[in-house]
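Protein chains: 2
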Amino acid sequence: MTNTLQGTSIIGFSRGSETTATLHGVNPATGETLEPHYYPARKEELAKSLELASKAATPFADTTPKKRASFLNAIATEIENSVDELATRGPLETGLPEARIRGEAGRTCGQLRMFAQLVEEGSWVNARIDHAIPDRTPLPKPDLRCMLRPLGPVAVFCASNFPLAFSTAGGDTASALAAGCPVIVKAHRSHPGMAEIAGRCIQKAAQDTGMPEGTFSLLFGAQDLGQALVEAPVIQAVGFTGSQSGGTALMKIAAARPQPIPVYAEMSSINPVVILPEVLAEKGETLAEGLFGSLVLGVGQFCTNPGLVFLPENGTELFFKKITELVSDGAGATMLNAGTASAYQERVKELSESNGVTTLALADGEGAPAIFSISQEAFTNDASLQEECFGPATLIVTGPIENLPALFAKLEGQLTGTIHATEAELSANTTIVRTLQNRVGRLIFNGFPTGVEVCPSMVHGGPYPATSDGRSTSVGTLAVERFTRTISWQDFPDSALPAELQEANPLNIKRIVNNTHTS
Amino acid sequence: MTNTLQGTSIIGFSRGSETTATLHGVNPATGETLEPHYYPARKEELAKSLELASKAATPFADTTPKKRASFLNAIATEIENSVDELATRGPLETGLPEARIRGEAGRTCGQLRMFAQLVEEGSWVNARIDHAIPDRTPLPKPDLRCMLRPLGPVAVFCASNFPLAFSTAGGDTASALAAGCPVIVKAHRSHPGMAEIAGRCIQKAAQDTGMPEGTFSLLFGAQDLGQALVEAPVIQAVGFTGSQSGGTALMKIAAARPQPIPVYAEMSSINPVVILPEVLAEKGETLAEGLFGSLVLGVGQFCTNPGLVFLPENGTELFFKKITELVSDGAGATMLNAGTASAYQERVKELSESNGVTTLALADGEGAPAIFSISQEAFTNDASLQEECFGPATLIVTGPIENLPALFAKLEGQLTGTIHATEAELSANTTIVRTLQNRVGRLIFNGFPTGVEVCPSMVHGGPYPATSDGRSTSVGTLAVERFTRTISWQDFPDSALPAELQEANPLNIKRIVNNTHTS
Numbered sequence: 010m011t012n013t014l015q016g017t018s019i020i021g022f023s024r025g026s027e028t029t030a031t032l033h034g035v036n037p038a039t040g041e042t043l044e045p046h047y048y049p050a051r052k053e054e055l056a057k058s059l060e061l062a063s064k065a066a067t068p069f070a071d072t073t074p075k076k077r078a079s080f081l082n083a084i085a086t087e088i089e090n091s092v093d094e095l096a097t098r099g100p101l102e103t104g105l106p107e108a109r110i111r112g113e114a115g116r117t118c119g120q121l122r123m124f125a126q127l128v129e130e131g132s133w134v135n136a137r138i139d140h141a142i143p144d145r146t147p148l149p150k151p152d153l154r155c156m157l158r159p160l161g162p163v164a165v166f167c168a169s170n171f172p173l174a175f176s177t178a179g180g181d182t183a184s185a186l187a188a189g190c191p192v193i194v195k196a197h198r199s200h201p202g203m204a205e206i207a208g209r210c211i212q213k214a215a216q217d218t219g220m221p222e223g224t225f226s227l228l229f230g231a232q233d234l235g236q237a238l239v240e241a242p243v244i245q246a247v248g249f250t251g252s253q254s255g256g257t258a259l260m261k262i263a264a265a266r267p268q269p270i271p272v273y274a275e276m277s278s279i280n281p282v283v284i285l286p287e288v289l290a291e292k293g294e295t296l297a298e299g300l301f302g303s304l305v306l307g308v309g310q311f312c313t314n315p316g317l318v319f320l321p322e323n324g325t326e327l328f329f330k331k332i333t334e335l336v337s338d339g340a341g342a343t344m345l346n347a348g349t350a351s352a353y354q355e356r357v358k359e360l361s362e363s364n365g366v367t368t369l370a371l372a373d374g375e376g377a378p379a380i381f382s383i384s385q386e387a388f389t390n391d392a393s394l395q396e397e398c399f400g401p402a403t404l405i406v407t408g409p410i411e412n413l414p415a416l417f418a419k420l421e422g423q424l425t426g427t428i429h430a431t432e433a434e435l436s437a438n439t440t441i442v443r444t445l446q447n448r449v450g451r452l453i454f455n456g457f458p459t460g461v462e463v464c465p466s467m468v469h470g471g472p473y474p475a476t477s478d479g480r481s482t483s484v485g486t487l488a489v490e491r492f493t494r495t496i497s498w499q500d501f502p503d504s505a506l507p508a509e510l511q512e513a514n515p516l517n518i519k520r521i522v523n524n525t526h527t528s
Numbered sequence: 010m011t012n013t014l015q016g017t018s019i020i021g022f023s024r025g026s027e028t029t030a031t032l033h034g035v036n037p038a039t040g041e042t043l044e045p046h047y048y049p050a051r052k053e054e055l056a057k058s059l060e061l062a063s064k065a066a067t068p069f070a071d072t073t074p075k076k077r078a079s080f081l082n083a084i085a086t087e088i089e090n091s092v093d094e095l096a097t098r099g100p101l102e103t104g105l106p107e108a109r110i111r112g113e114a115g116r117t118c119g120q121l122r123m124f125a126q127l128v129e130e131g132s133w134v135n136a137r138i139d140h141a142i143p144d145r146t147p148l149p150k151p152d153l154r155c156m157l158r159p160l161g162p163v164a165v166f167c168a169s170n171f172p173l174a175f176s177t178a179g180g181d182t183a184s185a186l187a188a189g190c191p192v193i194v195k196a197h198r199s200h201p202g203m204a205e206i207a208g209r210c211i212q213k214a215a216q217d218t219g220m221p222e223g224t225f226s227l228l229f230g231a232q233d234l235g236q237a238l239v240e241a242p243v244i245q246a247v248g249f250t251g252s253q254s255g256g257t258a259l260m261k262i263a264a265a266r267p268q269p270i271p272v273y274a275e276m277s278s279i280n281p282v283v284i285l286p287e288v289l290a291e292k293g294e295t296l297a298e299g300l301f302g303s304l305v306l307g308v309g310q311f312c313t314n315p316g317l318v319f320l321p322e323n324g325t326e327l328f329f330k331k332i333t334e335l336v337s338d339g340a341g342a343t344m345l346n347a348g349t350a351s352a353y354q355e356r357v358k359e360l361s362e363s364n365g366v367t368t369l370a371l372a373d374g375e376g377a378p379a380i381f382s383i384s385q386e387a388f389t390n391d392a393s394l395q396e397e398c399f400g401p402a403t404l405i406v407t408g409p410i411e412n413l414p415a416l417f418a419k420l421e422g423q424l425t426g427t428i429h430a431t432e433a434e435l436s437a438n439t440t441i442v443r444t445l446q447n448r449v450g451r452l453i454f455n456g457f458p459t460g461v462e463v464c465p466s467m468v469h470g471g472p473y474p475a476t477s478d479g480r481s482t483s484v485g486t487l488a489v490e491r492f493t494r495t496i497s498w499q500d501f502p503d504s505a506l507p508a509e510l511q512e513a514n515p516l517n518i519k520r521i522v523n524n525t526h527t528s
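Listed in order, the protein sequences are those of chains A and B.
Here the first sequence is numbered in the numbering used here, starting from 10 and rising by one per residue.
Here the second sequence is numbered in the numbering used here, starting from 10 and rising by one per residue.
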């Protein structure tokens with residue numbers, strides 16, 4: 010059931026028009042230009058998508074949970090119906106293997122259905138009720154009820170490295186739609202075809218389940234389009250996954266608006282991994298194998314790639330021997346696009362030339378793994394070594410583990426921090442764990458940071474610059490809260506309240522009533 | 010049990026030193042300078058308070074809920090022990106009557122005890138557990154657990170209009186301490202003596218309950234001190250209640266830091282009140298009396314003061330007659346300080362000279378009530394009429410109620426929106442209510458906006474510029490969440506987890522386990 014790709018933006022229920030073609034997908038393996046041409050959204054098309062989103066905001070916010078859940082489930086079904094088309098187009102645009110594209114489609118549909126379930130169950134709105142006490146002295150207590158409500162239209166920027174799960178129909182879109190916010194997606198130049206296929210799925214699902222037209226638009230365009238989108242008064246929040254420079258640029262635009270808005274940018278992280286002496290002695294080679302596996306997964310193109318490893322000063326020989334062998338024998342692979350490949354090559358070169366850095370191994374070819382080592386002291390003296398190297402390279406810092414708390418205090422914010430230790434070592438080194446905790450969104454014990462489970466307890470976030478807003482997560486059910494604010498109703502008649510706050514609890518959700526959790 | 014006021018900052022468990030005195034309280038009723046002199050914190054004193062807060066951050070974050078609750082309760086007890094001193098000093102510094110100061114002390118202690126109870130009960134941390142599924146295919150599911158954790162040291166700015174409840178030991182301080190964040194307060198120049206008394210209470214409570222020294226500091230100083238505080242890398246969030254210019258200045262400083270931090274500024278709101286025709290016909294005079302009472306409460310110096318009223322075009326005679334009488338007969342009163350009094354006078358003059366504005370009544374004297382009217386059209390044409398007039402003045406906009414949704418779409422964000430209607434009118438005018446909802450943090454039916462109940466369902470917040478961050482509230486238990494972020498633990502042994510996340514649930518809190526609420 011392949012449809013022809015049209016190359017035009019999706020503006021509500023219609024399509025944009027053809028203009029001067031300036032965008033097209035490129036096969037990163039061959040450098041070939043891919044058909045069709047993609048037409049940047051014209052100013053009037055951006056304006057139309059904003060106008061439609063503005064009109065859709067209240068009716069979409071007020072859809073019943075059941076209806077909004079059916080919309081999210083319908084998107085998942087449409088993506089499943091398009092999975093062969095995605096699996097054909099994806100590898101051409103991204104260099105990612107077909108199996109990865111199919112796996113990511115599964116994850117994307119899983120996320121959409123998770124949010125559908127969350128919305129349908131309904132308790133996520135955190136409904137609270139405090140009954141009136143009319144005869145309280147000196148003043149009567151009013152009846153107060155509150156719940157989370159959607160913020161309004163959200164701009165979502167697609168990520169280069171997750172053409173499905175963090176792109177058009179990815180986590181930001183799914184969580185914003187779940188919250189009840191219309192979404193305008195800006196496609197990533199790297200995979201416009203996948204954006205169009207996913208966008209068509211959302212458009213069809215919105216029509217089939219009776220959503221207001223402006224609930225979703227997808228725009229093709231360059232950086233100026235992204236800037237105009239974030240500047241638009243209609244937009245009330247921004248979701249972004251990408252580089253630190255891209256994310257901080259959006260933060261600046263959002264903060265400079267007459268009405269500043271929240272930006273949820275997931276940016277850069279080097280995901281420190283600490284290995285303590287006992288566990289290193291026990292299974293140094295196994296740990297080297299585990300690290301290598303995490304390092305080269307997806308050609309290192311994951312936000313949670315382990316780019317920094319802390320080892321003790323002694324007992325590191327077997328580990329170094331093994332990781333050096335693995336990296337030396339490692340093969341390169343096509344990276345997501347020419348820009349990513351050359352940026353990786355450049356950063357590897359910079360690292361290898363940095364003061365105090367020894368190159369332990371560096372395989373040949375595009376996207377080839379690389380491994381470096383440095384002393385604690387030299388690492389501390391060069392803050393630039395904390396810059397992300399997007400790809401399969403890691404820097405191993407060796408030195409006394411007693412110094413780690415002081416070192417961690419100077420680490421930038423990270424998505425994850427991993428500690429390998431025996432249980433006895435873990436208990437004996439609480440200060441190391443505790444200082445690491447202050448710098449990360451997720452702590453991992455005896456594992457590796459790649460692999461981000463989509464579930465209620467996941468935090469895929471972390472202190473700046475890992476994300477723009479360390480209070481939030483872009484993966485898991487908590488992601489929905491990013492696009493909401495709490496509103497309070499005082500002394501309203503029951504019939505004028507949202508169903509979630511009505512006395513009889515018609516939606517049968519968990520609530521906090523008079524400061525007591527209902528069951 | 011009056012102690013002598015010293016005029017020096019409180020730096021952890023010690024006091025600052027005397028410098029060149031440049032600050033002092035002023036009695037707004039007489040213009041008299043009040044003893045003692047207040048000494049601006051020196052650079053080294055600011056640095057010391059920051060260093061102490063940084064050192065205290067982890068041990069204070071890791072205090073048990075019981076211990077942190079005992080600290081908050083001890084602050085309340087100390088304030089109660091100092092209430093006579095506060096009630097003597099307060100009226101001198103603020104012009105507020107003694108009864109108000111005593112009432113506000115009660116509210117302040119109530120807030121502290123509410124947060125103590127919240128912390129001791131413990132479920133507020135939103136603990137979630139997802140158990141491992143080791144045999145899941147294709148990949149095992151890890152064990153994941155998450156909960157809210159404190160952000161780190163918080164800077165709190167005292168408000169002029171609530172010398173206790175939104176100042177040194179007020180809502181921002183109480184909620185930040187409840188979250189587990191050390192607090193550095195910048196005193197307001199208007200009531201340094203009350204700041205010192207409250208600060209001494211917190212200092213003593215911290216010592217008596219064994220908190221780390223840097224848990225609390227109180228600094229006296231001018232604007233440059235506030236700027237230096239927000240710029241300090243140690244500070245991780247800001248709480249502020251005050252003017253829009255003050256709040257936006259702090260937002261800019263926070264956004265320009267190498268690590269941007271959240272600012273929770275509660276700034277300006279004119280709190281629209283809508284009166285629909287039927288209810289106006291039924292009880293126009295009573296409504297005029299209610300509005301007048303809300304308008305002049307506390308000399309109009311409340312964030313929720315009703316500064317804007319929408320009336321239908323007809324049937325307004327009795328209402329206008331009554332409100333005009335009441336305002337004409339109304340007396341002025343001493344305002345908080347000379348700056349507030351002259352700013353109010355100036356803004357009243359501006360309003361009276363604005364295009365299309367009719368002055369209905371304007372009483373004589375400082376802080377005297379004022380009432381103006383204008384047509385919908387003239388109101389729409391002059392955005393400056395939405396600027397807050399801090400004091401007992403209100404602007405009544407008359408015109409067809411059919412136009413209200415379009416008018417509300419152009420309203421700036423507000424803390425509150427009030428609708429007076431019969432129940433039949435409310436049902437018949439859902440679009441008016443719904444568009445108002447989009448602009449406010451709290452909707453009130455048949456009441457008035459002043460009087461902010463402190464309870465779990467309260468939202469004292471609202472879209473920009475009512476606050477800097479419309480997702481949050483500065484009153485009620487939800488305020489604690491502003492100073493937290495969620496952290497996730499993956500595959501940690503039970504003994505290395507925080508008590509809140511341990512399998513046996515030793516604190517007996519409500520949790521979400523495997524996506525199911527526990528009871």
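It should be emphasised that the hints constitute simulated quantities derived from the structure, not laboratory data.
Please note that the accuracy of each hint is not assured.
Repeated chains share a single entry, so a pair holds when one copy, or any two copies, can fit it.
Keeping only pairs whose Cα atoms sit at most 20 Å apart, straight-line, the calculated SDA-like set for lysine to any residue is [claimed, not checked]:
no.: 1; residue 1: 261; residue 2: 478
no.: 2; residue 1: 52; residue 2: 356
no.: 3; residue 1: 150; residue 2: 464
no.: 4; residue 1: 64; residue 2: 93
no.: 5; residue 1: 213; residue 2: 528
no.: 6; residue 1: 330; residue 2: 340
Going through the hints against the structure:
Within a single copy, residue 261 and residue 478 get their C-alpha atoms as close as 13 Å, and across copies as close as 16 Å, so both meet the 20 Å cut-off. Neither within a single protomer nor between protomers do residue 52 and residue 356 lie at most 20 Å apart by alpha-carbon distance, with minima of 37 Å and 41 Å respectively. Within a single copy, residue 150 and residue 464 get their C-alpha atoms only as close as 39 Å, which misses the 20 Å cut-off; across copies the closest is 10 Å, which meets it. In this assembly of identical chains, residue 64 and residue 93 lie within 20 Å of each other by CA distance neither inside one copy nor across copies; the values are 35 Å within and 56 Å between.
For the identical chains of this complex, residue 213 and residue 528 are neighbours neither inside a copy (38 Å) nor across copies (41 Å), given an alpha-carbon limit of 20 Å. Taking the shortest alpha-carbon separations for residue 330 and residue 340, only the intra-copy value of 18 Å comes in at or below 20 Å, while the best inter-copy value is 86 Å.
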